[in-house]
Amino acid sequence: MGLGKLLHDHTGHTEHADEGGTIDHPRAYELVAEIGFLGRRREIFTRLAALSGVRPGDRVLDVGCGTGYLTRILAPVAGPSGQVTGVDPAESMIGHARRRAPGNCSYQVGVGQALPVPDASVDVVVSSLAVHHMPVDARGTAVREMFRVLKPGGRLLIAEFRPPSNHLLAHLAGALTGPEMRHNPKDLLAGLIPEAGFHVQDEGDLPVMLAYVRAVRPAA
Numbered sequence: 001m002g003l004g005k006l007l008h009d010h011t012g013h014t015e016h017a018d019e020g021g022t023i024d025h026p027r028a029y030e031l032v033a034e035i036g037f038l039g040r041r042r043e044i045f046t047r048l049a050a051l052s053g054v055r056p057g058d059r060v061l062d063v064g065c066g067t068g069y070l071t072r073i074l075a076p077v078a079g080p081s082g083q084v085t086g087v088d089p090a091e092s093m094i095g096h097a098r099r100r101a102p103g104n105c106s107y108q109v110g111v112g113q114a115l116p117v118p119d120a121s122v123d124v125v126v127s128s129l130a131v132h133h134m135p136v137d138a139r140g141t142a143v144r145e146m147f148r149v150l151k152p153g154g155r156l157l158i159a160e161f162r163p164p165s166n167h168l169l170a171h172l173a174g175a176l177t178g179p180e181m182r183h184n185p186k187d188l189l190a191g192l193i194p195e196a197g198f199h200v201q202d203e204g205d206l207p208v209m210l211a212y213v214r215a216v217r218p219a220a
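Note that the UniProt record's numbering has the sequence shown beginning at 1, numbered continuously upward.
The set of hints was computed from the structure by calculation and includes no laboratory data.
A quick note: this is a predicted structure, and the numbers were derived from the prediction, not measured.
The C-beta atom is built at its ideal place from N, Cα and C for all residues, glycine as well.
Any given hint might turn out to be false.
What the hints assert, rightly or not - Here are the in silico distance ranges between beta carbons for each label pair:
1) 34 x 119: 33 to 41 Å
2) 140 x 39: 18 to 26 Å
3) 27 x 109: 15 to 23 Å
4) 46 x 103: 31 to 39 Å
5) 43 x 114: 30 to 38 Å
6) 137 x 194: 13 to 21 Å
7) 100 x 50: 18 to 26 Å
8) 34 x 98: 34 to 42 Å
9) 57 x 191: 28 to 36 Å
10) 27 x 216: 30 to 38 Å
11) 39 x 100: 14 to 22 Å
12) 200 x 103: 31 to 39 Å
Could you put together the complete structure from these sequences and hints?
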């Protein structure tokens, strides 16, 4: 059995990548993530936290927060005067995150394409390894929702899986993780971020098969 089958509950019990799905086994996911990041998960997500530009007092939204791993890294950066909110469609993942939540973290069940957050109320939106789980026809809506909830001048960071450049390794990674993670992030995100109204600031690669895009909602 591939890890995709172990971790995912696909809509309608299908393995068709374009239809999206949720991860519903938090303990298994945590184990797979530690292995998949080759023991460097904390290091890599700390780098994501730095790239996000979160500052003390910021209100931060993590779209597709999963077990809340990144929110817990961001919480001390936002500090006691800040607030970090995680949103994920899987109740099991939200429950896992709530049981480990620092005082300035909260979590809600919800989907990226209909964020339960008021307009222009967030300083920073982050999303890691979540967009590829969304149905293809919902991804543009989700990025527009990220734009909606950000304050003018607010910052966006999306990180996605980057398949190995080696064809054999890429095939192996896809076989283990499922069809959603065979996408190249440049193909996955191409057009979605600027079409939503963002100004792309930069993009790059991180160790162990991650790529990121940073953008900003224009101030005017």
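Outcome of the hint check:
1. 34 x 119: 33 to 41 Å: At 37 Å between Cβs, range holds.
2. 140 x 39: 18 to 26 Å: 36 Å, violated
3. 27 x 109: 15 to 23 Å: 19 Å, holds
4. 46 x 103: 31 to 39 Å: Given range 31 to 39 Å: violated, Cβ gap about 20 Å.
5. 43 x 114: 30 to 38 Å: About 34 Å separates the Cβ atoms of residue 43 and residue 114, which means 30 to 38 Å holds.
6. 137 x 194: 13 to 21 Å: Taking Cβ atoms as reference, residue 137 and residue 194 lie about 19 Å apart, which means the hint holds.
7. 100 x 50: 18 to 26 Å: Hint holds: Cβ distance 22 Å, inside 18 to 26 Å.
8. 34 x 98: 34 to 42 Å: Between residue 34 and residue 98, where Cβ atoms are some 21 Å apart, the hint is violated.
9. 57 x 191: 28 to 36 Å: The hint (28 to 36 Å, Cβ to Cβ) holds, given that residue 57 and residue 191 are roughly 33 Å apart.
10. 27 x 216: 30 to 38 Å: This hint holds: roughly 36 Å between Cβ atoms.
11. 39 x 100: 14 to 22 Å: Holds - the Cβ-Cβ distance for residue 39 and residue 100, about 20 Å, lies within 14 to 22 Å.
12. 200 x 103: 31 to 39 Å: Given about 34 Å between the Cβ atoms, the range holds.
Hint check: violations occur at hints 2, 4, 8; the rest are consistent with the structure.
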